[in-house]
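Q: Here are the chains, one letter per residue:
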Amino acid sequence: MADVADIRTGRLSAVALAENFADVHRPLDPAAALVDANRCYFCYDAPCIGACPTGIDVPGFIRAIATGNVTGAALTILQENIFGGSCARVCPTEILCQGACVRNGDGDRPIQIGLLQRHATDHLKSGARHPFTRAPATGRTVAVVGAGPAGLACAHGLARQGHDVIVFEARSKPGGLNEFGIAAYKVPDNFAQEEVSFITAIGGIEIHSDRTLGRDLTLAQLRLDFDAVFLGLGQDGVRALDAPGADLTGVHNAVDYIAALRQADDLAKLPVGRRVVVIGGGNTAIDIAVQTKRLGADDVTIFYRRGPVQMGATHHEQDFAQINGVRIKHWLRPLRIDNHEGAVTAAVFAAVGQDDSGSLADTGAEQTIPCDMVFKAVGQTFVPLGQGGPELAAGRIAVGPNGQTSLPDVWAGGDCVAGEDLTVQAVQDGKLAARAMDLFLRNMEA
Amino acid sequence: MADLRCEFAGIKSPNPFWLASAPPTDKAYNVERAFKAGWGGVIWKTLGEDPPIVNTTSRYGATAVNGQRMVGFSNIELVTDRPLDINLAEIKQIKRDWPDRAVLVSLMVPCEEAPWKKILAAVEDTGADGVELNFGCPHGMSERGMGSAVGQVPEYVEMVTRWCKATTAMPVLVKLTPNVTNILAPAQAAKAGGADAVSLINTVNSIVSVDLDRMAPNPMVDGKGSHGGYSGPAVKPIALHLVAEIAADPACAGMAISGIGGIESWRDAAEFISLGSHSVQVCTGAMHYGFKIVDDMIDGLDNWMDSKGHGRLQDFHGAAIANLVDWQDLNINYELLARIDQDKCIKCGLCHIACEDTAHQAISVTGQGAARRFEVIDPECVGCNLCAHVCPVEGCIEMVPVDNGKPYLNWAQDPRNPQAGPAQ
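Residue numbers (our numbering), protein chains in the order written: chain A, 1 to 446; chain B, 1001 to 1424.
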């Protein structure tokens, strides 16, 4: 049985798993929040505001924390970004607001904007009441497809203006990647569902789960039944790994495994290999690598075909993987996955070099990495709607400013359109689309 | 290694750092710990007549600024609440055990000669190095005709000081309240009464904060508050000014000064000494951090004196007084311009917005984001220093003197002054 892959459940005790999947960034206590809030210089025309895709008034909310107006701080955040709570947890702040902080200079460190944002939004959550009220009912109805950050940000913006929104979600519950895709330790304790409840508490938003566009619904029918439609479809496709052995049972899509992990009642029941290979260079590669490590995998290695600078994962995420005991190996391209009677035994990589013109070429060297489990994290793709759908650009839905598609009554945003694949960008897409749709709905003939 | 020994009015201490009359000097236990920690002297917490007073709970309120706790501190505690004989016995023991330290005793009894004579005799018997007359506390005892109620009436200050000087051979320090319009009136009264020194400032009358939930001032005693005595770093500038006023006053010449008010570091102490203080007294700093802060006070002052070539405290004592003048004696022809070091600038824009919104519209902004550039518009800059103060980067904005070739001219001489005399 020596060649049988070592894939098992329950590698770690319940206590160890609970510790490994608890909040990865401890929240600031009030005293620590006050100290960091007071480190903020309250810059004129602060660069952190411009670096936030949703344009949150960062110095404004930080000053409110400093003065003890924490509720006001939360409202300042939520006014621009209704997903302020999850963005505080999942945003790559090091390349956004915190990256733009003027205190990044030598011998200094930026304000912990993400943690302060969490401090403020958590404070409001404990107050229960939804902070915004709806405008008088307009009688207009909107269908939102996809209950992820883009769809729900759009739904919230529309509901706030008095329109009624029905959100159709293909999965069993709302939240999108916050619920199914983000690493568990970034949004523990059912945070994604709590946030959805908070957002929908404004009223006027109904979520219908297990309704898939193209199977249970058609865009044509939605356009007939509703005054406008927003598509926040995300990217449901997974890029294929062009290597023999990619279809073996021990080879998994990282996003599918993460979704299963996020929905697991008991993490000890998730089978995980002793030796894990991850192929890819984005944040999904980091997330699957660290989570399998934290599930108890003995040896986890990420393989990426180019160097650290070209990785989609931020520098901060690469560091995080490495302090979690994950190795990252660069300039290695997957050649094939070997097996013994169907079970993965090794992943074989070709060493890649860059010639003077910058194009990649195999050097001829190979590395064989014995492993039990292989995860593909080589990117997600948008699955087009087919006939009657909006026009595409570079494989995703083509949109103008504010998310208008080629169809006059259809808007789109989030990962199904071009742009940064970030929660915060999805929220901004939904927010801007809601504003444009509100104008459209108000100008409609009765 | 500088000589930090301090001596005035015959009182000697190994360094100028004394603990002020307050909770830290309430009893032998604390004073013993203070001397072990290295403090040069103490003013024993104010003794009064028996039976001892009774204190309330709570007693302290505090101001936090930008997360820094106890920048200001307020108390409504009264004088010692222990029997007189216990305090006297402990003072005697401490002085015997610590002969090289200054042990002074703060006193507050009713404004009659007999109680003062009586308590002075008792204190003299302890071997204490001197007494400090508490004419300063603005709360509680002032309602009973003592503390600042005396300090606010120069005639009373002089009268009681005179009684004390006539009664005892011990040096007499008079502790002054800042809660007066003109500090020179009680200071000169102390001098007239024969005081060897003044100590100042006692606490500033204050309401430190209001509890907005219970709608009552802090500190709160069963839902009510009373005005208290304010201390801590927040009061230091007020204290420096009042100390300097007395040090610069010819009528107060010959009277020593023990400086008090927000002193927490060697630098604070050096500033007080440069404005004429002989010793300095600390309370709030010790109450915030414990007695160990004296380590760096001693070490820091020593190092700074070495760096300046000062061998003894006298070498810089009162040295800043010569440069303290009236506004009208300042050189109106002197000009400064702000200079921004673009290499150090972190583009926070605070200089721009401060100048733009609240001063002279003399700092321009060009460019966007990280390429922003802030520059001084020389013709608009009045050299006020605001930008240099708001700038968070040390040394980024420098105020540079302009060589305008103009001679010294003060306001009394300035032709723009309608009251100016003929040119001299």
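Just so you know, the hints here were simulated from the structure itself, not pulled from any lab data.
Note that beta-carbon positions come from the ideal geometry of N, C-alpha and C, so glycine has one too.
Among the hints, a few may not be true.
Said to hold, decoys possible - Examples of chain A residues lying across from chain B (beta carbon under 8 Å, computed):
# : residue
1 : L224
2 : F226
3 : F320
As the list claims (entries may be wrong) - Below 16 Å or equal to it, Euclidean Cα-Cα: the simulated EDC-like pairs (lysine to aspartate or glutamate) are:
#  : chain 1 : residue 1 : chain 2 : residue 2
4  : B       : K1308     : B       : D1097
5  : B       : K1344     : A       : D108
6  : B       : K1347     : A       : D299
7  : B       : K1292     : B       : E1264
8  : B       : K1344     : A       : D106
9  : B       : K1095     : B       : E1143
10 : B       : K1347     : A       : D106
11 : B       : K1117     : B       : D1100
12 : B       : K1347     : A       : D45
Q: Does each hint fit the structure? Answer for all of them.
A: Hint by hint, here is what the structure shows:
{"no.": "1", "hint": "L224", "result": "violated (46 Å)"}
{"no.": "2", "hint": "F226", "result": "violated (40 Å)"}
{"no.": "3", "hint": "F320", "result": "violated (26 Å)"}
{"no.": "4", "hint": "K1308/B - D1097/B", "result": "violated (35 Å)"}
{"no.": "5", "hint": "K1344/B - D108/A", "result": "holds (13 Å)"}
{"no.": "6", "hint": "K1347/B - D299/A", "result": "violated (45 Å)"}
{"no.": "7", "hint": "K1292/B - E1264/B", "result": "holds (11 Å)"}
{"no.": "8", "hint": "K1344/B - D106/A", "result": "holds (10 Å)"}
{"no.": "9", "hint": "K1095/B - E1143/B", "result": "violated (33 Å)"}
{"no.": "10", "hint": "K1347/B - D106/A", "result": "holds (14 Å)"}
{"no.": "11", "hint": "K1117/B - D1100/B", "result": "violated (27 Å)"}
{"no.": "12", "hint": "K1347/B - D45/A", "result": "holds (10 Å)"}
In this structure, the earlier hints numbered 1, 2, 3, 4, 6, 9 and 11 are contradicted, and the remaining ones agree with it.
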